[in-house]
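Student: Here are the chains, one letter per residue:
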Amino acid sequence: MSAPVLNAQQTPAAAVEGFSRSETVTLAWPMIMLSVFFVIPFGTMLAVSFFERVPGGFFEPGFTLDSYARFIDPFFFKSLGMTMMIAGSASLLCLILAVPFTWTLTRMRHHHRVLWLVALLSILSLSEVIIGFSWSLLLSRSTGIGNILVWLGIENRAPKLSPGLGAVLTGLCYLGFPYAVLVLFPQLSRLDPTLHEAARMLGASPRRAFMNVVLPNIAKALVAAFIMVFVFTLGAYLIPQLLGKPQQWTLPVLIADQALFQSNLPFAAAMSIFLLGVSLSLVVCVGWLGRSSQARIEDQSTTQSTTQSAAS
Amino acid sequence: MNRLLNRLFLGAIALFMASPIIILLGVSVNAEKRLAFPPQGFSLRWYLELWNDAGWHSAISNSLLIASLAALLATSIAAPLAYGLWRRRSVWLRIFHAFGVAPFVLPPVITALGLLSFWIAVGGYGAFYSVVISHGVFLVTLPLVTITLGLDAVNKEDLEAAETLGADAAARLRTIILPQVIPYAISGAAFAFVLSLNEYIIAYMVAGFTVETLPIKIFNSLRYGYTPAMTAVAIVFAFVTALVFGLIGYFGDLPRLLGAWKSKDDS
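These protein sequence lines are chains A and B, in that order.
Counted from 1, the first sequence has number 100 at position 100 by my numbering; the numbering is strictly sequential.
Counted from 1, the second sequence has number 1130 at position 130 by my numbering; the numbering is strictly sequential.
By construction, these hints were calculated from the structure, which means they are not laboratory data.
Virtual Cβ for every residue (Gly too), placed ideally from N, Cα, C.
Treat the hints with care, since some could be wrong.
[To be verified] The calculated DSS-like cross-link candidates involving lysine-lysine, where the alpha carbons are at most 30 angstroms apart (straight line), are:
hint, chain 1, residue 1, chain 2, residue 2
1, A, K245, A, K78
2, A, K160, A, K78
3, A, K245, B, K1033
4, B, K1033, A, K160
5, A, K245, A, K160
[Said to hold, decoys possible] So, partial list: chain B residues that the calculated Cβ filter (under 8 angstroms) puts toward chain A:
hint, residue
6, I1013
7, L1015
8, P1020
9, L1024
10, A1031
11, L1035
12, W1086
13, R1088
14, I1110
15, L1113
16, I1218
17, G1246
[Stated by the list, open to error] If you anchor each label on the Cβ, the simulated ranges turn out as follows:
hint, chain 1, residue 1, chain 2, residue 2, range
18, A, R291, B, D1168, 37 to 45 angstroms
19, B, R1174, A, M85, 53 to 61 angstroms
20, B, Q1180, A, R21, 21 to 29 angstroms
21, B, K1156, A, G166, 52 to 60 angstroms
22, B, K1156, A, I96, 37 to 45 angstroms
23, A, V54, B, K1156, 55 to 63 angstroms
24, A, D66, B, R1174, 55 to 63 angstroms
If we strip away everything but chain B, and leave its shape as in the complex, we get (with noise of 0.2 angstroms):
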């Protein structure tokens, strides 16, 4: 009885989670140009038109670039302030890593708007590169909790083990910190890269006028005629973000990633 009353709540948090993906999957493969659900026909013009349309074409580049450049910066600034404060609890590190991660904390419309002001004040006001800067830094919280939890793992003996026998910190980071903290850097970037594919204000607020990511191209498409292509834009994005996570989950220790202790033990 418990059990099948547990089922029926998975079953419905199921679907509730699944429910936009499969309208939007409906409404994808449309044949004519039409929102319709259950879908009137069967198409995929509308996954070629995502090819072969310049706008679309241009909206999906744009933010797969700046999402590959945002997540390194991220991670650029992320390693070193995780390693700084693995070695040593500095205040100014710490406060750093506040800031780190403020941003991610806070609504995002507040990281927006002060970037907003503040490019404008400089004069980078719509440019392409204050949108990637913007990003990194607004990310920078993925890469650094993530690093963080991989320097926490590395063994603490096998250093001292190591300083005995005479490698120098070089060698040390080289060959024992680096090998078991890549794996944790790489999801971060890749959680960073995901996110900067999906946000859509603080893009939308430096250069949304100039530069179109997607999500601004689906906001705009939204406001100005509905077309079948946006919900078979919005199903190719929820792929590969699935895709990223999924690659994480197989490769990487999710659960651990995600916080909790010891979960490779009770598997």
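Okay, chain A solo, but in the shape it has when bound (with noise of 0.2 angstroms):
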């Protein structure tokens, strides 16, 4: 009975416009899939950030504003800071390594390059407990980098350079640069090779017409990175229980303790609503960002093919 309907989609020109049923029954699944095991979860996460919350329970359903307005605490305002200022400084110093290390792998040979993306991949999907682990010992007093002081002479003892600040800003600096250079890669390698030709053309030296030249060109895509790696370092999650202080415990750190060990769910659920409004936004302002330097690069194609077209 179908038949008739099946084929007319069969043919080319529908084809284009829409999906045969066989496709349409396949692509159900992805859609079922993300729909039950992602939307509702989030659906259900906003829900219970209006629950009553049941001491000694999870949870009871109902609406209050409780978990939200526990917002207004201090202590909150505290741990978002240093929430904030902790992400900040990593991705910056992250970036401050990366800009330069990716510039020189994109105009690295191939399979030298390909070594470097290998090592590097191997890094970012490296567990954060092992690197929060091996960090741990490297500053550690007994195993740590200190004992090289030592050994050099410098110092009588070696330092116990973990936990504490500085210990989580290198952790996090060790978990952000390889996804710092791997935003920064597509950017930087789609950058026109002649900009920078030129500039040494005309005399500038490599630093100076990667300073003066280049660095403009990527301004946009910079400030794009380092929101991608502000919110990815926003995620760490054990680096700052592991190389950290209870004051340097982050957002995430403070979320998990709230739904596990502090049995509120409704609390964890709210400051993770308020943590994903945080990074959402900034997400967001990379999509729009990324949009408008896209429309400057053809917007620039455009005058160069009318210059073009004008000089011949």
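Dock chain one against chain two, each of which comes alone in its own frame, and use the hints as you go.
Tutor: And the structure:
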């Protein structure tokens, strides 16, 4: 009965317009999975943030703004400020290292570049537990790099560098560096190589060509990369715990602590919704930055082609 | 001079990247049950303990099983979505594409808490399958991105030629699209596999007290008594991770996968 319909859908014109029945069935799978296991969990979390807390248990359905009211607490503001400061300084440090590194990476020979990329990807996917643990060893008194100072005779006793703010920043920098490189990599790879060459031909030193010609061209990409790395380090959960003191515990640590150990799921959900709001608006900013810089590149290319056609 | 500075800079970055691995490697070959660096004595007993100790053994097999199933699930969700979007840019598909990418871009603790409240509500909290599904959905982004890249690389003229010669949609999918896209799908699944293997917070929130994955086991042993076996397992994991990416780099086009254009031309 449905055969004529199916045939009609399989004509070339219809294939572009819509999907055949078998295709629709296949498309239902990702839609169902993402709705049930992504959209509904977020809805549940939003609902839970308005639920009432039951001491000792998890929660009870209801509607209260109690969990959101707890944001006015000075303790929450202090941890929020600490979280932003830590993520901000760590991402800045990451970019300072990643920009010159990525620039060098894009100009390497193919197989050298692949080697570096394999190393970067491996470190990027290394578990935060392993990173935190190894840095706590590296910064400890007994096994740490402080012992090099003792060995050189600069200090009598190795300094204890972890836990502390410096250790958290080092760990986050290690975590964020490969991510920063991978965010910058496409941008810097697609940059017109003749730009740098032209500046060099006109007598600029490599550094000056980079600073005055390349950098202004990637300014927006840098801001976007900064925000992406910021959101990434904002999500770190184990490093602040393993390398920091309780004062340096960031929002994700507090969220997990409230959810699992204080049994206050509504408050954890409210903080999570807050964190979601902050990171989502930052990511939207990145999308907006990306679109406007793309528009600029298109503008430039149309100007270029008009100048070229005018010249010929 | 500039060349030298460049070398020094790259060397410093390499040292920074390698130092945690070096110290883990050093501690893991200690002869005594101490976290000492430089190592005191040399022995591989901690690597053997990983194999013999039931606790480490079950954590490793849990992690491997979860990662394989989650990678398959993520790829099965991502492939039709990427294909649908490649065929037709419908608004609905774009919205679901955003859902597929979102959990990966946002701080994972948010997704973890969402899934925790979800599994408590529907009653899968603490179950093995909950971890598999949670990881599968969380990691959809990776195969989604790689398969989309693979489809973009398919030559539209080949498709038109096949159509003119009478190949129907299924035949075109089988003979032209799939052979080109499958390597990208495998890379995406491998990315998802490695990340699931190393993921902590979602696994911990969804079933941390019942299903012990490797990162959870390492963290627990950090808190309740150090043993060099932790460093041995970390080294094994770092090695597996590097091996998977090394294979992708060797067989696939890594620079293109990571977003650089025309990487093959300038090699």
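Student: Now look at each hint and say whether the structure bears it out.
Tutor: Hint check:
| no. | hint | verdict |
| --- | --- | --- |
| 1 | A:K245 with A:K78 | holds, 14 angstroms |
| 2 | A:K160 with A:K78 | holds, 26 angstroms |
| 3 | A:K245 with B:K1033 | holds, 27 angstroms |
| 4 | B:K1033 with A:K160 | holds, 22 angstroms |
| 5 | A:K245 with A:K160 | holds, 13 angstroms |
| 6 | I1013 | holds, 6 angstroms |
| 7 | L1015 | violated, 11 angstroms |
| 8 | P1020 | holds, 3 angstroms |
| 9 | L1024 | holds, 5 angstroms |
| 10 | A1031 | violated, 15 angstroms |
| 11 | L1035 | holds, 6 angstroms |
| 12 | W1086 | violated, 12 angstroms |
| 13 | R1088 | holds, 7 angstroms |
| 14 | I1110 | holds, 5 angstroms |
| 15 | L1113 | holds, 5 angstroms |
| 16 | I1218 | holds, 5 angstroms |
| 17 | G1246 | holds, 5 angstroms |
| 18 | A:R291 with B:D1168: 37 to 45 angstroms | holds, 38 angstroms |
| 19 | B:R1174 with A:M85: 53 to 61 angstroms | holds, 55 angstroms |
| 20 | B:Q1180 with A:R21: 21 to 29 angstroms | holds, 25 angstroms |
| 21 | B:K1156 with A:G166: 52 to 60 angstroms | holds, 54 angstroms |
| 22 | B:K1156 with A:I96: 37 to 45 angstroms | holds, 43 angstroms |
| 23 | A:V54 with B:K1156: 55 to 63 angstroms | holds, 59 angstroms |
| 24 | A:D66 with B:R1174: 55 to 63 angstroms | holds, 58 angstroms |
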